[in-house]
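S.K.: Sequence:
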Amino acid sequence: MNLLSIGAAFALIAAVLVVSEVYEYKKHIVDSLATEAKILGTNNTASIVFSDQRTAEEILSSLEDVPTVVQADIYTKDGELFARYSRKGHAVVNPQMPFVYGNHFEGMYMSFSEPILMSGETIGTIYLRSDIKELYLRILAFLTLLLFMGVVSIAIASYLFSRLQKSITGPVFDLAEAMQRVSDHKDYSIKIPAGNIEEIATLAEGFNQMLEQIKKWDHELTLHRRGLEELIAMRTSQWEEANRKLEAELSERKKAEEQLQRYREDLEKLVEERTAQLKNTNDELQHQIIERERMEDELLRARKLESLGILAGGIAHDFNNLLTAILGNISLAKVYSKPEDKLTPRLETAERASLRARDLTQQLLTFSKGGMPVKKVLPIGGLIRESTGFALRGSNVRCEFRIPEDLWPVEADEGQISQVVHNLILNAQQAMPKGGIVRVSCENCTVVSKEDPGAGTMFIRITIEDHGIGIPKEHLHNIFDPYFTTKQKGSGLGLATCYSIVKKHGGNITVESESGKGTRFHVYLPASGGQIAGRNHDDELPFMGSGRILVMDDEELVREVAGEMLNRSGYEVVGVPDGKDAITLFKEAKETGKAFDAIIMDLTVPGGMGGKEAIQKLLEVDPAVKVIVSSGYSNDPIMANYMEYGFAGVVAKPYMIRTLSREVHRVIRNGSISNS
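Numbering (the numbering used here), first residue to last: 2 to 677.
Just so you know, these hints were derived from the structure itself, not from any lab.
Bear in mind that the values here come from a model prediction, so they are computed numbers and not experimental data.
Cβ atoms here follow ideal geometry from the backbone N, Cα and C, with glycine treated the same way.
Some hints could be false.
As the list claims (entries may be wrong) - Taking CB as the label site, the calculated pair distances span: (1) E248 - D284: 48 to 56 angstroms; (2) R347 - G390: 45 to 53 angstroms; (3) R293 - I438: 35 to 43 angstroms; (4) D298 - G507: 17 to 25 angstroms; (5) E513 - I291: 13 to 21 angstroms; (6) D284 - L118: 35 to 43 angstroms; (7) S396 - D298: 32 to 40 angstroms.
As the list claims (entries may be wrong) - Dumping the calculated DSS-like pairs for lysine-lysine here, alpha-carbon to alpha-carbon at most 25 angstroms: (8) K28 - K270; (9) K618 - K591; (10) K27 - K89; (11) K618 - K588; (12) K246 - K78; (13) K134 - K27; (14) K518 - K474; (15) K39 - K28; (16) K280 - K270; (17) K216 - K270; (18) K376 - K613; (19) K217 - K134; (20) K216 - K27.
Please put together the full structure from these sequences, using the hints given.
M.R.: Here's what the structure looks like:
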């Protein structure tokens, strides 16, 4: 019974020692892993913040010097693997997610995990896995030693107990008491007295040796723990200092980033404002460029017309002088002939041809420099219908009109406006070779678009629209240029004439066209508040009269035909080629009592004095002089406003006998004009 009690006590003591040893070793491992985890977590704070995986792996590789650690992982705060270290010969395992922080035993291994903190905020997790095989080996060795010692002790005790029960009970109890003290106080310095019995002495000696070995192990463990604690303290101090520096650097960097962000926002705001300013400036510049290009186009077109006008005016003047001779002689021939004569139809045909030639000179005169229309208030609707009907006569094109009865009148040159309508209608007809419909509409307008002139001014708008071949887009820019044409038989003067006439009337002409879909012209003419004058249906025959007439013209043919027509009308005629001659002859006639009743003077005389200069000198000689101005420049401002320059009448070349005789009769009958 006592022997069993001793064995039980020895087993209990052995169990206590084993449990104590296991507890202490586990605590040592846990502390070691916690320390390593703290050091590694602190060291890798910067690596996680700056995503420096390479540096993190280099830091983890320092565990190569810690043989018990077989695996070390660093995870981001999202649970993604950031860096890993694994020791060769050991399988790599993935920890269970989500992390349960602390230590966990997994067979022959123990794992430990804890969060990585920076400024109190979790930025990741450190995971360590340690091999605890040494623990089991030490437990096994310890158990083997205890078992051996127990078996030996029990064997010896049994033997001695059987022989010397009384002599060994005391030492055994001493041994049990010593083991109890070792178990309770971990006092390995206790020595068991050997006693008088050899077996007891041997047992005591063995027990003392065991205690000595345990004491040695405990001392080594204590030294190792102290060294580890000192190393941990040193490393912790170093990494805390490094962490403080890192936090300070991160704080400075954060401030710098915030400052940079403010600078960036200010710069973006400034760039946005400057961009808006540049856009507004660019839009304004584009508008100015477009407006300047438009003005340059207008100026170029005007210069082209001006250059052409110099040539056209000269040609028209000379041609009108010739036509004056031709048309005047034809009209004289018609006066001398009888209606039943075979010559009469031929004369009428020649007269019509001459009149058509006169219309051609009107196109040239439109370009004359300074040429102004001879205006009067017109009912424009009737003029448009008449000109359109004449242009479409005999063609396969018909016209649809939309002209309101309350259309405002205009103050215009009847012949020139008729020519504009005629040219535009002919263009529409030629654009529809297979026939079709031309639409002509008129309307009153006071508000027009930005592209149209005189916003807010009273205008009438004439729209002529066809459905023909249209005008290519690339040609729209040039259609009003002189001599520009896409027609094989076109002269290029039609639209240029229209443009010049409308501009001189203070209006504008625009075009809209698309190839294959037709063309639409808009003509804007200023409306007039004046009264429409009635038509004067004069007799076709010449006006007969009497008196002396002085004709001044540099063209002998004109002087001859004008003299003949005036002679036929009952007048006595004298002709001179220059203004100076006219002044001299007028003075002589006045002094001799044979004064002239009227003077017909050519407006311009190349290389000599024309009517414009001569009229002033004649008025100085006789303020009551009656002078009729005549010129091939029928669009000259003097022709339109002759009374302002001192003339009593006007007759444009070419003229027929009835026109000339009527004006001479009117001037002589009405008497002199006022020079006021």
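S.K.: Take the hints in turn and mark each one as holding or not.
M.R.: Going through the hints against the structure:
1. Between E248 and D284 the Cβ separation comes to about 53 angstroms, which falls inside the hinted range of 48 to 56 angstroms.
2. For R347 and G390, the Cβ-Cβ distance of about 27 angstroms falls outside the hinted range of 45 to 53 angstroms, so the restraint is violated.
3. Separated by about 40 angstroms at the C-beta atoms, R293 and I438 satisfy the suggested range of 35 to 43 angstroms.
4. Range check, D298 to G507: Cβ separation about 19 angstroms, and the 17 to 25 angstroms hint holds.
5. For the hinted restraint 13 to 21 angstroms between E513 and I291, the CB-CB distance of approximately 18 angstroms keeps it satisfied.
6. Taken as a hint, the range 35 to 43 angstroms is violated for the pair D284 and L118, whose Cβ atoms sit roughly 58 angstroms apart.
7. Roughly 33 angstroms separates the CB atoms of S396 and D298, a value that falls within the hinted 32 to 40 angstroms.
8. At roughly 62 angstroms between alpha-carbon atoms, K28 and K270 are farther apart than 25 angstroms, so this suggested pair is violated.
9. About 14 angstroms separates the Cα atoms of K618 and K591, which keeps this hinted pair within 25 angstroms; it holds.
10. Of the pairs offered as hints, the one joining K27 and K89 holds, with about 24 angstroms between alpha carbons and a cut-off of 25 angstroms not exceeded.
11. A threshold of 25 angstroms between alpha carbons decides the hint, and for K618 with K588 the separation of about 11 angstroms falls inside it, so the pair holds.
12. As the CA atoms of K246 and K78 are separated by approximately 23 angstroms, the hinted pair is consistent with the 25 angstroms bound.
13. Between K134 and K27 the alpha-carbon distance is near 12 angstroms, which keeps this suggested pair within the 25 angstroms criterion.
14. Our distance criterion of 25 angstroms between C-alpha atoms is met by K518 and K474, whose separation comes to about 12 angstroms.
15. This hinted pair checks out: K39 and K28 have alpha carbons roughly 16 angstroms apart, not beyond 25 angstroms.
16. A threshold of 25 angstroms between alpha carbons decides the hint, and for K280 with K270 the separation of about 15 angstroms falls inside it, so the pair holds.
17. Taken as a hint, the K216 and K270 pair is broken in the structure, with Cα atoms around 78 angstroms apart against an allowance of 25 angstroms.
18. With a C-alpha separation of about 21 angstroms, the suggested pairing of K376 with K613 holds against the 25 angstroms cut-off.
19. Between K217 and K134 the alpha-carbon distance is near 22 angstroms, which keeps this suggested pair within the 25 angstroms criterion.
20. For the hint pairing K216 with K27, the CA-to-CA distance comes to about 19 angstroms; that is within 25 angstroms, so the pair holds.
When held up to the earlier numbered hints, the structure conflicts with 2, 6, 8, 17 and fits the remainder.
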